[in-house]
Amino acid sequence: MEVNILRAQILIIIAIIFLLMLVFYLVKKKFIKEKYSIFWIFILFIVLLLGIFRSLFDELAHFLGIDYAPSLLIIIVSFVFILFLIYFTVILSKLSEKIKILAQEIAILKSKINKMDDKDKP
Amino acid sequence: MKILVIIPAYNEEKTIKEVVASVQKVSRLNNLNIEVAVVNDGSDDNSQKIISSLHCTSLNLPINLGIGGAVQTGFKYAYEEGCDIAVRIDGDNQHKAEFILKLIEPIIRKEANVVIGSRFLQKNNAQISRIRRSGISMLCFINNIFSHYRIKDVTSGFIAYDRDAIELMKNEYPEDYPEPESIIILEMRGFMIKEVQVEMRKRETGRSSITFLKSLYYMIKVPLAIFFNYLRK
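Protein chains in written order, with the working numbering: chain A, 56 to 177; chain B, 167 to 399.
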């Protein structure tokens, strides 16, 4: 039993380290901005800590009055991810607003350039 | 007095030429200083070719922004060009250009900042389906909760704006189904809004952009947006 849990623990730790490395790689390649990597690094680091010190998590669940520790995990994970999805829609809204303004400016500039070209022509 | 007529066009190759010509005819006959600006909202038919062959300003959006973003481009252009009045008219030949005169008249006489061309002011020939009409009256009802103007046709896209209204609309114009929401935005800033009776044609080509699912979205999004605009006050 204990051996099995240890195996699972090692698997999770490896997976987390893989994800951390992936995030570092993507930031290094500038596929993710530093600004947005902070969240991922922070979350992964916490999960890593909980993976290493498994008893910490059980104690936290016990403290909150939750018998079955994994359900606490599900609550936390869903909350954090919903929060991040909301944050994403904020970013998306801002981006689409910026794109809209750029497209409008381009259309106006192009029309002005066309008019100038027409004037230059004899 | 410089007037810009804004014609938003998305795939209107069949009608755009006629619309531009009819506006220019009104301008000529009445000795008005009207500039026509067609906003091509990333059409994927022949619209762009046709528009650039006409003697009018063409504002070609490199990507499709939807009706709100397209009309707003017109407002930005009108503001930069120092226009006193901007009139928005549809590119599908639904609106009759001769009514532009009726729309700009109250603005010239300083009786209103914004004039809406309405189909329902007098109960007569409005040729639209019962479903659409009830949708419109529901939107009117919602609009009128937040507005003390009793606008009868909040979905009309045939509207004239004075320079102050142009300045506001160039910065704050809703992206989709902009008409009802924009009335609230204008009213909350203390703009005077007036409705005048106009006639509209039955659509000749193309379908309304409003399908069943879209109208469902319309009925939810617009009241919500109006509510949030009210909160932002």
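I should point out that these hints are in silico values taken from the structure, not numbers from a laboratory.
If you're wondering where the values come from, they're calculated on a predicted model, not measured in any experiment.
By construction, the Cβ of each residue, glycine as well, lies at the ideal position given by its N, Cα and C atoms.
Don't take every hint at face value.
Unchecked claim - Pairs of lysine-lysine residues, derived as DSSO-like cross-links and limited to a Cα-Cα distance of at most 30 angstroms, are as follows: (1) A/Lys170 - A/Lys153; (2) B/Lys268 - A/Lys174; (3) B/Lys276 - B/Lys336; (4) B/Lys180 - B/Lys168; (5) B/Lys380 - B/Lys336; (6) A/Lys170 - B/Lys368; (7) A/Lys170 - B/Lys215; (8) A/Lys176 - B/Lys168; (9) B/Lys387 - B/Lys191; (10) B/Lys262 - B/Lys183; (11) B/Lys318 - A/Lys174; (12) B/Lys262 - A/Lys88; (13) A/Lys170 - B/Lys318; (14) A/Lys155 - A/Lys88; (15) B/Lys368 - A/Lys165; (16) A/Lys167 - A/Lys153; (17) A/Lys149 - B/Lys380; (18) A/Lys174 - B/Lys380; (19) B/Lys380 - B/Lys242; (20) B/Lys318 - B/Lys380; (21) B/Lys387 - B/Lys183; (22) B/Lys191 - A/Lys153; (23) B/Lys215 - B/Lys368; (24) B/Lys318 - A/Lys167.
To be verified - Here are a few chain A residues that face chain B, going by a calculated C-beta distance under 8 angstroms: (25) Ser148; (26) Lys149; (27) Ile168.
Check whether the Cα positions of A/Lys174 and B/Lys380 lie no farther apart than 30 angstroms. Given pair A/Lys174, B/Lys380 is violated - Cα atoms ~44 angstroms apart, limit 30 angstroms.
Between the alpha carbons of B/Lys380 and B/Lys336, is the straight-line distance 30 angstroms or under? holds, 25 angstroms
Would you check the hint for A/Lys167 and A/Lys153, treating anything up to 30 angstroms between C-alpha atoms as holding? holds, 21 angstroms
Taken at face value, is the distance from the CA of B/Lys318 to the CA of A/Lys170 at most 30 angstroms? Not OK: A/Lys170 and B/Lys318 at ~40 angstroms, beyond 30 angstroms, violated.
30 angstroms Cα cutoff - pair B/Lys318, B/Lys380: holds, 22 angstroms
With a cut-off of 30 angstroms on the C-alpha distance, tell me whether A/Lys170 and A/Lys153 pass. Holds, because 26 angstroms separates the two Cα atoms, which is no more than 30 angstroms.
Holds or violated: B/Lys215 to B/Lys368, with C-alpha atoms at most 30 angstroms apart: holds, 26 angstroms
Chain B contact restraint for A/Ser148 - C-beta distance below 8 angstroms: violated, 10 angstroms
Would the hint linking B/Lys318 and A/Lys174 be met if the CA-CA limit is 30 angstroms? violated, 46 angstroms
Against the 30 angstroms threshold, does the CA-CA distance of A/Lys170 and B/Lys368 hold or violate the hint? violated, 35 angstroms
Between B/Lys262 and B/Lys183, is the straight-line Cα distance small enough, at 30 angstroms or below? holds, 14 angstroms
CA of B/Lys180 to CA of B/Lys168, is that 30 angstroms or under? holds, 28 angstroms
Comparing the model with each numbered hint stated earlier shows that hints 2, 6, 9, 11, 12, 13, 15, 18, 21, 22, 24, 25, 26 and 27 do not hold.
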